[in-house]
Every structure is written in C-alpha cells, then in structure tokens.
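Please build the complex by placing chains A and B on the supplied structure of chain P, with the hints as guidance.
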Amino acid sequence: MQRTTMDLWVGLFVITGIAALMVLSLKVGNLNVYNPSQSYVITGNFENIGGLKVRAPVKSAGVVVGRVTDIQFSTQTYDAVVTMSMDSRYLFPKDTFASILTSGLLGEQYIGLAAGGDEAMLKAGDKIMKTNSAMVLEEMIGRFLFDKAAEDDSF
Amino acid sequence: MTPETLIEVKDLNFSYDTRAILKGIHMTMPRGKVIAIMGGSGSGKTTLLRLISGAIQPTSGYVKFAGQIVHELDRDALFKLRRKMGMLFQFGALFTDLSVFDNVAFQIREHTNLPESMIRDLVLMKLHAVGLRGAHHLMPAELSGGMARRVALARSIALDPTLIMYDEPFTGLDPISLSVIGNLIRRLTDALGMTSIVVTHDVQESLKIVDYVYFIADGVIAAQGTPSEVRDSVAPFVHQFVHGEEDGPVPFHYPAQAYQKDLNLEDTFA
Amino acid sequence: MLKHIVPGIQNVGHRVIESIWRLGRASRFFILVLLKSGTSLRRFNLVIRELYFTGVLSLIIIVVSGLFVGMVLGLQGYETLQKYGSESAVGTLVALSLVRELGPVVAALLFASRAGSAITAEIGLMKATEQLAAMGMMAVDPIARVVAPRFWAGVISMPFLAAMFSVMGVFGGYLVTVVFIGVDEGSYWSQMQSAVDFRFDILNGFIKSCFFGVAVTAIAVFEGYDAPPTAEGVSGATTRTVVTSSLAILGLDFILTAFMFRGVS
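Protein chains in written order, with my numbering: chain P, 1 to 155; chain A, 1001 to 1270; chain B, 2001 to 2265.
Chain P with its partners taken away, still in its complex shape (with noise of 0.2 Å):
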C-alpha cells in the first residue's frame, strides 16, 4: 500500500503552502514592518488633508514612524482630525511640525513630521499643535496664475 508516500506528499503540499502564506505576509506584505501592539496614539488638527488616506504613513527624515489610524472632520473646528499610531520606540517633541507631504509629483501623500526643540516629549492622547495643510495642485495654480496676473497689472 503506497499511502505512507501519499501521506508525505500531501505533508509537503501543507508545508509549502504554509510557507507560501508566510513569505506572503512578512516578505510581501508589511506584517513585521508595523506592530500596533507597541504604540501610541496622538492627534492633530490639519486645514486640508488634501489626497491623505487612513494607512497612510507617518514620516520623520523619511523613516516610516507609524501611519495614521483615522481621519475624522471636526465640527468644533471646521478641521480634519487625523488620528496617527506612532511606534512606540519613536518619541517626538512637543512642538513636533507635521505637515502633509506628497512623495514625488504624483506619489501618495503621507505626513512628514519635523522634531521641534522643546523638553517634554508628545505622549499618548496628546496632540500636534503645530500643523501644515497638504498642498493642494488647484489652489497652487490658481495662486500661481493670480501672483502673475498680479505682475501683469503692476505693467
């Protein structure tokens, strides 16, 4: 009876496709890269998010320090709350710069964050004070055209 050979085929037939699901998630995807078990959770209110995305990253000197968990629209404020899980072995200043950065003309947007001086680090809960808006292609070109409408008249 040839079933010992077929059951050490059937084995590797699992094994390998085990191993198929695991260089899937950790080489392809992104499962090691991110682990929201250690993190920490802060704010900040942007203008205009512009194209930002939930998942998308949070950047400092172009190190991936954590991806912004939820976006949500303020009534209070009129403002976008964006909500980022940061990697708990990044801390940041309290006067931390966040701004909205797109990576080449036309990569995804992702938030840039510029470490501030001050002593106190952001801890869990608190929030980005200091905030830029993405930059928005219309509103550039429309100042663009104003700015050269304007040094047309200066004529």
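Source of the hints: derived by calculation from the structure; they are not laboratory data.
Hints may be right or wrong, so weigh each one.
Quick list of in silico lysine-lysine cross-link-like pairs, DSS-like style, CA-CA up to 30 Å [as the list claims (entries may be wrong)]:
hint, chain 1, residue 1, chain 2, residue 2
1, A, 1064, A, 1080
2, P, 27, B, 2083
3, B, 2036, A, 1080
4, A, 1023, A, 1208
5, P, 53, B, 2083
6, P, 123, P, 59
Take a look, some chain P residues computed to stay more than 12 Å from chain B by CB distance [what the hints assert, rightly or not]:
hint, residue
7, 40
8, 43
9, 88
10, 93
11, 112
12, 115
13, 117
14, 122
15, 125
16, 132
17, 133
18, 134
19, 139
20, 144
21, 148
22, 149
We put the beta carbon where it would ideally sit given N, CA and C, even for glycine.
Then chains A and B, alone, in the frame of chain P:
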C-alpha cells in the same frame, strides 16, 4: 415443512410519472432458495430489485423483508437492513480506485471495527470462495469481465448477507465464465444459507441453477413455476421466451401502420 | 410570424425554468454535503487521499503558471513604469496585482480546469459504472464517503495553491526585473512591502481564494453527481464544470472585490 418466507411482495405498483412500470406484483420468496426473475428488456425487472432494496418508493403496495416493510423504514433503519442484503451489479461495479483486496474489505472496514489482521483473513476467505485468492493485489482494470464479476460477488458476501440480488449476472460473459458464475451462485447460496434473487434474461443458464422462476412482462407476472414446469409450459409467452422464438405473443414488429402505406405503394398501383 | 416567435419564447422560458430547477437541486445537494461531512472529518485519511489528487497533482501547473504570470507582469509593468521614471515601483505593481487579483483568480481558474474537471469526471464515471449505487447498497452513503472528502480536499487546497501562485509570481517578477533588467533589488522589495498591507491585501486575497475553493469544488462535485450516467453525460458534465466554475469565479471575484476594497482606498 415449508421454509420460512424471507421476502413478501404484495400488490406492488410502481410508475414513473404516468407510465406504469409494475402493475400489481405478488411474490413470496422463501429462505435458502435461488429465485429467478425473467423478462424481456425494459419489463421492470431491475425496478423490482430497486424496490426490494428500498432505493425507490412504490406507488402502492409493499415489499416486506424479514417482516419489515421496506419503504416505511427511515434512512438509518434502511441502511441497517441493507447490511443484510448484497447486490451484484451488471458489470460488477467494483471501485476502480481500490485494489481487489480493498474492494472486498470495503464493507468490513466501513461497518466493523475489526483489526486489520482479521480483515485480511476474512477477505482472503471470501476471495478463496470465488477462486481468486491469488488475485487480491490486482486492480479492477486488470481483471477480465468474469473475474470482475467474481470479485464483486466476493465483495457482496463480505458481511454474510441473508439476501443477494444479482442484476443480470450473465451479461457479456463467455460460456466458461458464465457457468462459473452460475455454479458460484448456487454453491454460495447453499453453503451460506442465503437467499438469491437472479434477474436475468439468460434462460438456459439460469434454469440450471434456480429453484423457482417468475416471468415478468409488461409489468405483470406472466408466468411462474419451477424450472421443469417452465420448460414444459405451453403458455405462448413462456414458450416463446424459453425457446427464444422470434415471433409470438411478443411481436417482432413494433406496432406500425400498414407496410404498403408506409412505402406509398398504394398510390402507385391505384 | 407569430408561429416562429412563440416556440422561441417557450424555449427560452423552458430553459430558464430548467436552470432554476438545477440551481435548487444544486443548493440542496450542497447542504447535504455539508451535513454529511462528519465522516470525512472524523476519518481524515479520506480527505488526505483526495488532497493528494486535487492539491499535490495541481502543484506543477500552479507553480509554473505563477512563475510565468509574474515574469510577464514584471516585464509589462517595467515597460510602462519606466516611461514615468518610476520603475522602482514595479515590485508594488507585481505584488498587488498578484495578491489581490491574479493569484486567487488565475489559480482558481487553473484549479477548475485541472482538479475540478477531474473530480467531475471521476464522480460521474463512478455513477455511470454503478459504483455509487453499489456503495449505497452496501449501506455506505456515497455523499459522505465519496463526495464530501473530495469537497473538503478542494476547499483546503485552494488557498494554499493561490498563495503558492502569488509567491511564485512575485519571484518571477523579481527574476525578470531585478536579475535580468537590473531594477534595484532593495527598492523592489521595500516598495512592495510598504504598499502591500497584510489585512487589506493578503488577508482579503486569502479570503477570496477560500470562496473560490468552495465554489469550484461545490460545482465540480454537483456536476459529477448529477451527470447522466452515460459517456456523453459525463463529458458534458466535465465541460459544464469548467465553464460554470470559471464564470462563478469571475462573478464572485467582482462581488468580493466590491465588498472588500470599496471605501478602503
């Protein structure tokens, strides 16, 4: 002393949609006998077997097996009943993905918790009874038609049933295999004290081995009797069937309009 | 005029009613298979045997096709992306296409034609040669003994096969773009890793392949069990398995994608 009745068929009717297949069949089958059910193709013989095994429900009437009315049983009770029945299908119906040994062992493994060594002994005994102990390692594809039928026979007696039904056991066999199967049916029935129902249209072979014959035609029992009674019968249908005559109560021609009319001959000569 | 139209309409109506009948039968059969799965889960050896036939024997076609699909994706993606100077994003393109769509879908399509048709033909032939009836006569339920193990083996092997397809595809893309063309290896992997999310991409792809596995094997076992017990009947059922399950895969894929990715990005 009359032997006790194993199967009683009473006033059995069965129809597909509106087409009546069986019309008021009465039969009694005593224990320990070989009973043949004969009839032309499409006369409802196989349907009768399916009714006895509970695979289909009768339109009216009943089949009583060992005192139980078959079609009134629920699924579990029916499956329990079927363990007492064996069935040999027309071409054996061996499981093509299992070896001869595993085919015969199938039912023992499914229904008992016997240790493998005992299963081995049982299987080899059953295979020995049909003369194929040496072929236990072959696959069904490697067997001839007659051998496959014998393996199937060994498989159906694996759990020592009280009844075995044979659906056309002689179809497509050479004369030697034919008499081997015929003799096996007789011998096993006597040796194991079973009852056998043989559905067949092979008259000469089956008359040699059976105790009683029922003829079914157009859904009713056309004639019945012991083999010698049947051979000497003067009833036109039985005579035609037993002697294989071309024309008789069962006509050669399918009902049609007049031959000349079909060929448009009338107009030409008119 | 009316003489030609009326039979046509009748024919269409007849077909519609017929397919509703079949759908009903198929659903009832599916529930029966689930109810009678106890035996195959208790005697797991039966499923392991079928895993060999559906899973292990499908491995080669899955691995080879996955490799080639990944290589083609890498090549095409590179050609297009380098026009915009973003050829380093080719890893993202390959991985996302595979993990989200092509892995589950193409693996399921291959699985339907490799294993699904084999299941249908096997069950159909067992029916045609009265093996199923013989089993029933031996007081063994053919649905529990023959159909359910094949069903579960298919359901189990499908996600594994889809995952292997995706991994081979990512590797194929790597081979073409990094090894042959010379895209930077670090950016191939890092761009991929930053764009592919575990929950939204990999888990959803996994869930998709589970759904496809259920759909394909359910169709395959039903067509086999429902096949007319003749040579033409079995061959027709085999064809229907491939056609129906391919359509089911693509239809299901649309529905599942709409559910999973809408509102996320």
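Hint check results:
1. 1064(A) x 1080(A): 15 Å, holds
2. 27(P) x 2083(B): Satisfied, since the Cα-Cα distance of roughly 28 Å is no more than 30 Å.
3. 2036(B) x 1080(A): Holds - the C-alpha atoms of residue 1080(A) and residue 2036(B) are around 17 Å apart, at most 30 Å.
4. 1023(A) x 1208(A): Status holds; Cα separation ~29 Å.
5. 53(P) x 2083(B): Cα-Cα ~27 Å, so holds.
6. 123(P) x 59(P): This hinted pair holds, its Cα atoms lying about 18 Å apart.
7. 40: Holds, because the least Cβ-Cβ distance between residue 40(P) and chain B comes to about 21 Å, which exceeds 12 Å.
8. 43: 21 Å, holds
9. 88: It holds; residue 88(P) is separated from chain B by about 20 Å at its closest Cβ, greater than 12 Å.
10. 93: 26 Å, holds
11. 112: Residue 112(P) is indeed farther than 12 Å from all Cβ atoms of chain B, at 15 Å.
12. 115: 22 Å, holds
13. 117: 30 Å, holds
14. 122: Check passes; 24 Å lies beyond 12 Å.
15. 125: 24 Å, holds
16. 132: 23 Å, holds
17. 133: At about 21 Å from chain B, residue 133(P) clears the 12 Å cut-off, so the statement holds.
18. 134: 17 Å, holds
19. 139: Non-interface label on residue 139(P) holds, nearest chain B Cβ at 24 Å vs cutoff 12 Å.
20. 144: Holds, since 23 Å exceeds 12 Å.
21. 148: 28 Å, holds
22. 149: About 32 Å separates residue 149(P) from the closest Cβ of chain B, which puts it past 12 Å; holds.
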